[in-house]
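Trainee: The listed protein sequences derive, respectively, from chains A and B. Numbering follows the numbering used here, with no gaps: position 26 of the first sequence is 26. Numbering follows the numbering used here, with no gaps: position 369 of the second sequence is 1369.
Rather than coming from a laboratory, the hints here were simulated on the basis of the structure. Even glycine gets a Cβ: it sits at the ideal position worked out from N, Cα and C. Worth double-checking, as some hints may not be accurate.
What follows is a list of derived Cβ distance ranges for each label pair [stated by the list, open to error]:
#	chain 1	residue 1	chain 2	residue 2	range
1	A	Ala28	B	Lys1083	13 to 23 Å
2	B	Asp1080	A	Lys39	21 to 31 Å
3	B	Glu1375	A	Ala25	36 to 46 Å
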Amino acid sequence: MSQKETNKKDITRKEAIKKMGSYAAFAALGTMIMLNPQKAQAQSGPPGPPGQGATNSPIQIRGARRNRNKK
Amino acid sequence: MVFIFLKLFNLNFQAIFLLKPIDNKTVLWSLKDNQYLVVESATALLVSKLSKGESLEDISKELSQELSLPVKESTDFVLDLKKRFIDPGPSKLPNKPESLKDVVVPNHFSVEKFYKINELVIKACFESVQACFLIHPKFEHLEVESQKHDFCFKTFTQDAGIFLAVDNKLIGSWPFDEIHYFQGKFSMQLIQKIHKRQEDEWLGVFHASAVSNKKNAMLFLGDSGNGKSTSLALLQAHGFDCIADDFVPVAAQSQEIYSFPAAISVKKTSIDTLLPFYPELSESKEYDLKVAQKIVRYLKPNNSDFSSHLPCKGLVFIKYIKDAPLSCKKIDKITAFQKLVPDSWLSPIKENAAIFLDWFAALDCFELTYSNNTEMVAQVSKLFRDEL
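Looking at chain A on its own, in the form it has when it is part of the complex (with noise of 0.2 Å):
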């Protein structure tokens, strides 16, 4: 691109600003919070007998319920 191609694209400070704006504005439109609510009901509960856990049953808590929101 040559000097006076460049010179023709160059704008105004003013004209920067608004511009700026109506970016930031388009911008703040396009900005959203997506949010999914659990898959099922869920709850929290022991794994297994008073103090014993449940290693060596099939049944093991591998998701606890304090990670559940990790998608």
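Given the coordinates of chain A, assemble chain B onto it according to the supplied hints.
Mentor: Relative to chain A, chain B alone:
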């Protein structure tokens, strides 16, 4: 002909999402994936226009003029909105469980428990002691001798995971790494029986504690470790009623909080705080939730009428911070919404989603930080009396 087509098209558009202004934003709900999106109200207006069948070109042109932007950029933007909200796509909701017709509900169970909830007797059969301990500790305070029962819940395992049947009808199966969903479904089935309402009659189940002053209820929410259950136990020691802990159902029709009879789970770190009010905790069994990295004991709720249901006065996001001064302030709804939704089960039915949005929009939301229990109890009393 064209008119009829457009009318049908419009109906289809209107059926796939909901719009609800909350504070200075708008919440969009999508039927396709039961997803909530918080957007600028101006964006919601564009989606609304698209849903009414206004042309992409007209909307893009108007946006371009309003923001002094090139038409191409505004067109791309509106096109993206159309694809995201309007154009039908495959549902991302979980599929219904595959046919369970080949699964045979066993006849023999090694553990049988009977629970009495109001006048209702539930028989719970478990294939093993381990399976029993997934459910029983929270309901041990309701245990009665063997007797004639109203409903029979059966829990058993097969290769694919854990199964639940109620009165020999299979409800579902869950892989072993989704035990918390099995426990949730067990509780859901239980509240359906206690309150005589099917799953589609609930607008949601919240991961919270619910406390009442016998006229109204409040939900206490917060991340694990923030003191939901401890504050619930403290409040019930000071004259409030425990409506529910950990699993709080709200009915769609009445939008009231319904009682759930499970015991309150008290972390080991809170035992010393609660012992002066509940000496029985010193003798309670201790359960080691290794993966959740917490040790808990279960405390019987003081509420014996598990049919109770009360309107919700507000949401309180509670946080215990050592040595922190008491602080209680109203928070904006959008902040509260962002905390509430990801931790809740919300009905995927459109009518219920609309009720949920209206219900939430009308609620007051507070943030309560405390370290002194007496101050916390006094503050909650004030909230119930509208004296913030």
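Trainee: Each hint needs a verdict: does it hold in this structure or not?
Mentor: Each hint, compared with the structure:
1. Ala28(A) with Lys1083(B): 13 to 23 Å: With a Cβ separation near 20 Å, Ala28(A) and Lys1083(B) satisfy 13 to 23 Å, so the hint holds.
2. Asp1080(B) with Lys39(A): 21 to 31 Å: holds (26 Å)
3. Glu1375(B) with Ala25(A): 36 to 46 Å: With Cβ atoms ~45 Å apart, the hint holds.
Hint violations for this structure: none, all hints satisfied.
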